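If you read the protein sequences in the order shown, they are chains A, B and C. Heads up: the first sequence is residues 1 to 417, going by the numbering used here. Heads up: the second sequence is residues 1001 to 1336, going by the numbering used here. Heads up: the third sequence is residues 2001 to 2269, going by the numbering used here.
The set of hints was computed from the structure by calculation and includes no laboratory data. None of these values were measured; they are calculated from a predicted model. The beta-carbon is built from N, C-alpha and C at its ideal position, and this holds for glycine as well. Careful: at least some of the hints might be erroneous.
[Stated by the list, open to error] Stretch-level coverage of chain C by chain A, calculated; a stretch enters the list once three of its residues show a Cβ under 8 angstroms from a Cβ in chain A: (1) 2026-2040; (2) 2096-2107.
[Claimed, not checked] Calculated lysine-lysine pairs in the DSS-like style (CA-CA distance at most 25 angstroms, straight line): (3) C:Lys2149 x C:Lys2128; (4) C:Lys2084 x C:Lys2116; (5) B:Lys1330 x B:Lys1297; (6) C:Lys2171 x C:Lys2116; (7) B:Lys1176 x B:Lys1032; (8) B:Lys1284 x C:Lys2149; (9) C:Lys2142 x B:Lys1297; (10) C:Lys2084 x C:Lys2173; (11) C:Lys2011 x C:Lys2246; (12) C:Lys2106 x C:Lys2122; (13) B:Lys1032 x B:Lys1312; (14) C:Lys2259 x B:Lys1272; (15) C:Lys2173 x C:Lys2246; (16) C:Lys2171 x B:Lys1037; (17) C:Lys2149 x C:Lys2173; (18) C:Lys2259 x B:Lys1197; (19) B:Lys1003 x B:Lys1312; (20) B:Lys1333 x C:Lys2259; (21) C:Lys2128 x C:Lys2116; (22) C:Lys2171 x C:Lys2122; (23) C:Lys2142 x B:Lys1284.
[To be verified] Some residues of chain C that are not near chain B, with every Cβ distance over 10 angstroms (derived): (24) Lys2023; (25) Ser2062; (26) Thr2063; (27) Ile2068; (28) Glu2071; (29) Gly2072; (30) Leu2129; (31) Ser2155; (32) Pro2172; (33) Cys2187; (34) Arg2189; (35) Gly2215; (36) Arg2229.
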Amino acid sequence: MKHMFRQIFQSGRFLVGFAIFSAIVLTVVIYPLFINDPPLEILSRGTFLAPGIYVNVYDSVNFSTRYTLLLDEAVARRVGARLNPDDRATMLEWLTGNGIPEAEIDTADTAALLELWHNNFDSSVRLPGMTNADRNYYIRLTTSLEGLLATEGAIVAAQDTATGGLTETDVINQTDYVNIGEVPNFRVLPLGTDNFGRDVLTELVSAAGVSLTIGLVAGTVATTIGLLLGLVSGYMGGLIDDVILFITNLFTVIPGFVLLILISFSIGQEQRGAFTIAVVIGLTSWVWTARAVRAQVISLRNRDHVNLSKLSGHSIAYILAMDILPYIASYVVMALILQISSGILAEAGLSILGLGPRTTEVPTLGLMMNWAMIYQAHILGKWWAYFPVILVIALISFSMNLMNTGLDQVFNPTLRG
Amino acid sequence: MAKVVLEVNELTTRYITRFRESIYAVDHVSLKVESGKSLGIAGESGCGKSTLALSLMGYYFAPLHYTSGEIIVDERNITGLDPDEVRKTILGTEISYIPQAAMNALNPTRRVINFIEDVIQAHRPGITRTEVYAMAKERFELLGLPAEVLHKYPVELSGGMKQRTVIATSVILSPKVLIADEPSSALDVTSQKMVIKMVMDLMDKGIIKSLVFITHELPLLYNVTDDIMVMYAGQVIEKGSAQEMVFDPIHPYTKALMGSIIVPEAGLRNVKLAAIPGTPPNLKNPPSGCRFAERCKYVMPECRVASVELQKASEGRAYRCLIPEEDLRKAYKHEK
Amino acid sequence: MKSNSVILSGKGVTKVFGFGAHKTVAVDHVDFSFRQGEVISIVGESGSGKTTLAKMLLGLISTSEGEIHFEGQLRDIRSHKQKKEYWKNIQAIFQDPFSSYNIFRKIDAVLLDCIKMRGGGKFPYEQKLALMREACSFVNLKFDELTNKYPFELSGGQQQRLMIARVFLLKPKILLADEPTSMIDACSRATILDMLMALRSEIGMTPIFITHDIGLAYYVSDTVYIMERGKFVESGSADEVILRPKEAYTRRLLNDVPKLHEEWDLSTV
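Isolated chain A (complex conformation):
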């Protein structure tokens, strides 16, 4: 036994799989200890906030000590960030339309482009085919560019509640900085927010935990049913075997996923908790375990050690538990791992079709995919709403399959090499 464990941990594949899997499980366990926000809490107004650090503007203006940093690049970056590629393209269009050779214009050099624009733009000049709307757009653009290269600071004013007059209270210079550590309110959103404005990372960690639990419950249910039916059917033979085999074959020819969809649908949205879904997945996926266990038991039941056990007067239950089960235990463990992994995938599949657990209690990996899909994250290019979810599903599946093949190498000597 000890020897076997040592061998298992000498298998490279198993180790890699085990490391990835443990990393996921540890994250699921440890993350809530540090950040214990409810995973479904809505943080933001507006959907799909990009990943990043969100600093409170009010705090950074009002509370913090300001520091002056003289950085050369600051102006260029600020201007560069304000002038988006679309604006640059329209500027180029106007300029070339007014006879400036295209070769002289470099849209990447913000300062030169602004200079050129400043010297040439005239709102009264109409280009051929230019509509009023276009003209207004150019005028707005010019206005917004005014002061972009200005060096004076922004004025903060206080409003007098009685007179409604403004009094200048503070000037924020372009060279003013705050230390983020001194700002009392900021929020790190490493994976941004989703369509409902919830923190994707917190949601993802919680979803991974729930999905793993669903997988575990589904896998345990499926393996238990498959194991019991396989043991009884393989060992007893005769009529019992025929009946169980008939049921098993019946389930084999009905595609499991279709059955799963039909059952989930008939349960109804309100009754579908995560646990119910897990049990339903388990109930529809025991077939292959049962068949495989049955085949193994058939090859074992005529072995001499089983005969010897019979001759020692042991009951059928005892023989199944002591003389058959330990011999197929390694096999069952491998089947369990695969069942857990396929349980997680089945949940994801169901949820993406909108047949997963009801959406109000807990997130699951499948539900996150479903939300991302419904709110068109993939079309809007909001990758943080779906890509991390896909990655986590893939990693769970991959690590479990690696562990499985690693175990297979240990238990099945013909695959060693």
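Model the placement of chains B and C on the given structure of chain A, informed by the hints.
The following block gives chains B and C in isolation, referenced to the frame of chain A:
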């Protein structure tokens, strides 16, 4: 004196385990097989006889490693050749080897003739299929195997027929030495007899020059080979002609081994079989003295001191014991 | 030792596997009567049906046809309780010691099962220990070195001796030994056979050897049955059958075995 075909001097090979332990399964073994002669190797399971068979080919792969000694086949020293060269120039043409489960070598999805093609083409690239077929047919007919076998799939043949097919294939390039490791143990008595007859035919018809035959079945060995060598815990413990080894053993271990033979012959029912208590020593940590000392009836304190060398005895025999041969014979007579 | 009472007999015992086109008759209407105290051998090549017959005698598989009588009574082992009762009287030793034991159970567990089967389940532990020690010393094994060990840690010969210790504790009336020595070395074979014979006189059982080794059959048995393709072709006392065989099949079988004092005729294959 006839020409020596296979000569092995002080060959030592060992297994290196995963835990870096060395197990010397063949420990300073020397032997000579002359042209037209056969040598039998006997011993309990785990005595190193199968490892010796593998080592004799000069083809080593992990965990078996060559340690020292030399192997000379037909005046050519093959020790120290690299495995590729051994495979190309020695195996099949100089030495052939048949393991116990040789019949499992046949690929169940291909016909026998395809298997033979592979074997021949590995040594003679460019040979045409017609030539291979002609060669195989001739050899099979010479050995009394029907040529139809060539077109059959392995599942269509019985165990004995498969074993004979593999043997006929392994000697198709007329190697000088054939090493057979329990070639008939997994078979029925009738199939066993057919396999043995074929191996004997190989010698009689001059296809092979010498035979090394390994088995734990002593009556079989007695009937097949000219000389017998008994191994114990990796060492040669006694060697001599088959007749002498069976009816006049010197070493106490050989004596006990021969005393445990059961054959359906009159008078056997009244004989008490010899039993050897205990188990062979662990080769990871062999005892310093005589390796048989623990189980020997005639053990003396000196036996456990230093390793015992192979002693020359009468008529070209040798045995590994401190007690003189006359004293041992006397003791055996006294027991009766 | 010999007595005339028949302990196990069979009439028209048949075993058919499969049905229709795949029907195989493994054992074909064999009749036999084994007398108490005799050593019996059933000799046959592989595929002769001898192991199937042994399993039927043991009650591990049912008969397709025919009756088996145990101690003059028709054997009825349909329920588990009846089987358990029958197995107190008949035990077995199998060919391959390495596959005969459950690799997950320790040696003491194997022996304790036997004590329990003989009704000693409630014995005080000291008494059980004494019984196990006695059984092990009978087969020359040191019980105190074996506790906490698994059977597969022993050599083949030792495992087979442990099997005999098991039979020693169970004290059955019949022992079916299915090729008990074919997987172990010649030197250990003598030890095993000696122990089986000692056990026979100790508990007065009837041993039945199932073997392909006609030499072994001749050495150990009083009565020999030769089996070919599911049928007994010849039977009688060992001297009669082995030294003066009447049937061609027996003669061929004898002829095909290498011997020491007679020329082995290789021309007759």
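Each hint tested on the structure:
1. Counting residues of the segment 2026-2040 of chain C whose CB lies closer than 8 angstroms to any CB of chain A gives 0, so the stated coverage by that chain is violated, three being the minimum.
2. Coverage of the segment 2096-2107 of chain C by chain A holds. Counting CB-CB distances below 8 angstroms, 8 residues qualify, and the rule asks for three or more.
3. The straight-line distance between the Cα atoms of Lys2149 (chain C) and Lys2128 (chain C) is roughly 18 angstroms, inside the 25 angstroms bound, and the hint therefore holds.
4. Under the criterion of a C-alpha separation no larger than 25 angstroms, the hint pairing Lys2084 (chain C) with Lys2116 (chain C) is consistent with the structure, at around 12 angstroms.
5. With a CA separation close to 14 angstroms, the supplied pair Lys1330 (chain B) and Lys1297 (chain B) stays within the 25 angstroms bound.
6. For the proposed pair Lys2171 (chain C) and Lys2116 (chain C), the alpha carbon gap of about 13 angstroms is at most 25 angstroms, so the pair holds.
7. Pair hint Lys1176 (chain B) plus Lys1032 (chain B) holds up; C-alpha atoms about 14 angstroms apart against a cutoff of 25 angstroms.
8. Restraint check: the Cα-Cα separation between Lys1284 (chain B) and Lys2149 (chain C) comes to about 21 angstroms, which is no more than 25 angstroms; the hinted pair holds.
9. Note on Lys2142 (chain C) and Lys1297 (chain B): the hinted pairing holds, with a Cα-Cα distance of about 21 angstroms set against a maximum of 25 angstroms.
10. A hinted pair counts as satisfied when its Cα atoms are at most 25 angstroms apart, and Lys2084 (chain C) with Lys2173 (chain C) qualifies at roughly 14 angstroms.
11. Under the criterion of a C-alpha separation no larger than 25 angstroms, the hint pairing Lys2011 (chain C) with Lys2246 (chain C) is consistent with the structure, at around 23 angstroms.
12. Annotation: proposed proximity of Lys2106 (chain C) to Lys2122 (chain C) holds, straight-line Cα distance about 20 angstroms (limit 25 angstroms).
13. Note on Lys1032 (chain B) and Lys1312 (chain B): the hinted pairing holds, with a Cα-Cα distance of about 15 angstroms set against a maximum of 25 angstroms.
14. At most 25 angstroms may separate the alpha-carbon atoms for a hinted pair to count; Lys2259 (chain C) and Lys1272 (chain B) meet this at roughly 18 angstroms.
15. At roughly 32 angstroms between alpha-carbon atoms, Lys2173 (chain C) and Lys2246 (chain C) are farther apart than 25 angstroms, so this suggested pair is violated.
16. At most 25 angstroms may separate the alpha-carbon atoms for a hinted pair to count; Lys2171 (chain C) and Lys1037 (chain B) exceed this at roughly 53 angstroms.
17. The hinted pair formed by Lys2149 (chain C) and Lys2173 (chain C) fails the criterion: a straight-line CA distance of about 29 angstroms is larger than 25 angstroms.
18. Only pairs whose Cα atoms come within 25 angstroms are accepted, and Lys2259 (chain C) paired with Lys1197 (chain B) is accepted, the gap being roughly 15 angstroms.
19. With a C-alpha separation of about 22 angstroms, the suggested pairing of Lys1003 (chain B) with Lys1312 (chain B) holds against the 25 angstroms cut-off.
20. For the proposed pair Lys1333 (chain B) and Lys2259 (chain C), the alpha carbon gap of about 24 angstroms is at most 25 angstroms, so the pair holds.
21. With a C-alpha separation of about 9 angstroms, the suggested pair Lys2128 (chain C) and Lys2116 (chain C) falls inside the 25 angstroms cut-off, and the hint holds.
22. A hinted pair counts as satisfied when its Cα atoms are at most 25 angstroms apart, and Lys2171 (chain C) with Lys2122 (chain C) qualifies at roughly 18 angstroms.
23. Between Lys2142 (chain C) and Lys1284 (chain B), the direct Cα distance comes to roughly 24 angstroms. Compliance with the 25 angstroms bound is thereby established for this hinted pair.
24. For Lys2023 (chain C), the condition that its CB be more than 10 angstroms from all CB atoms of chain B holds, with the nearest at approximately 21 angstroms.
25. Taking the minimum C-beta to C-beta distance to chain B, about 28 angstroms, the non-interface status of Ser2062 (chain C) holds against the 10 angstroms cut.
26. Residue placement check: Thr2063 (chain C) keeps its beta carbon more than 10 angstroms from all beta carbons of chain B (closest about 26 angstroms).
27. Listed as outside the interface, Ile2068 (chain C) is consistent with that label: its C-beta sits roughly 28 angstroms from the nearest C-beta of chain B, beyond the 10 angstroms cut-off.
28. The Cβ of Glu2071 (chain C) sits about 29 angstroms from the closest Cβ of chain B, beyond the 10 angstroms cut-off, so the non-interface label holds.
29. Interface exclusion of Gly2072 (chain C) from chain B stands, the closest Cβ pair being 30 angstroms apart, more than 10 angstroms.
30. The beta carbon of Leu2129 (chain C) is kept farther than 10 angstroms from every beta carbon of chain B, the shortest such distance being approximately 25 angstroms.
31. At roughly 5 angstroms, the least C-beta separation between Ser2155 (chain C) and chain B is not larger than 10 angstroms, which violates its mark as non-interface.
32. Annotated as non-interface, Pro2172 (chain C) keeps its C-beta farther than 10 angstroms from every C-beta of chain B; the closest such distance is 25 angstroms.
33. The Cβ of Cys2187 (chain C) sits about 4 angstroms from the closest Cβ of chain B, inside the 10 angstroms cut-off, so the non-interface label is violated.
34. A beta-carbon of chain B is positioned within 10 angstroms of the beta-carbon of Arg2189 (chain C); the least distance is around 6 angstroms.
35. Residue placement check: Gly2215 (chain C) does not keep its beta carbon more than 10 angstroms from all beta carbons of chain B (closest about 4 angstroms).
36. At roughly 13 angstroms, the least C-beta separation between Arg2229 (chain C) and chain B is larger than 10 angstroms, which holds for a residue marked as non-interface.
In summary, the numbered hints that this structure violates are 1, 15, 16, 17, 31, 33, 34 and 35.
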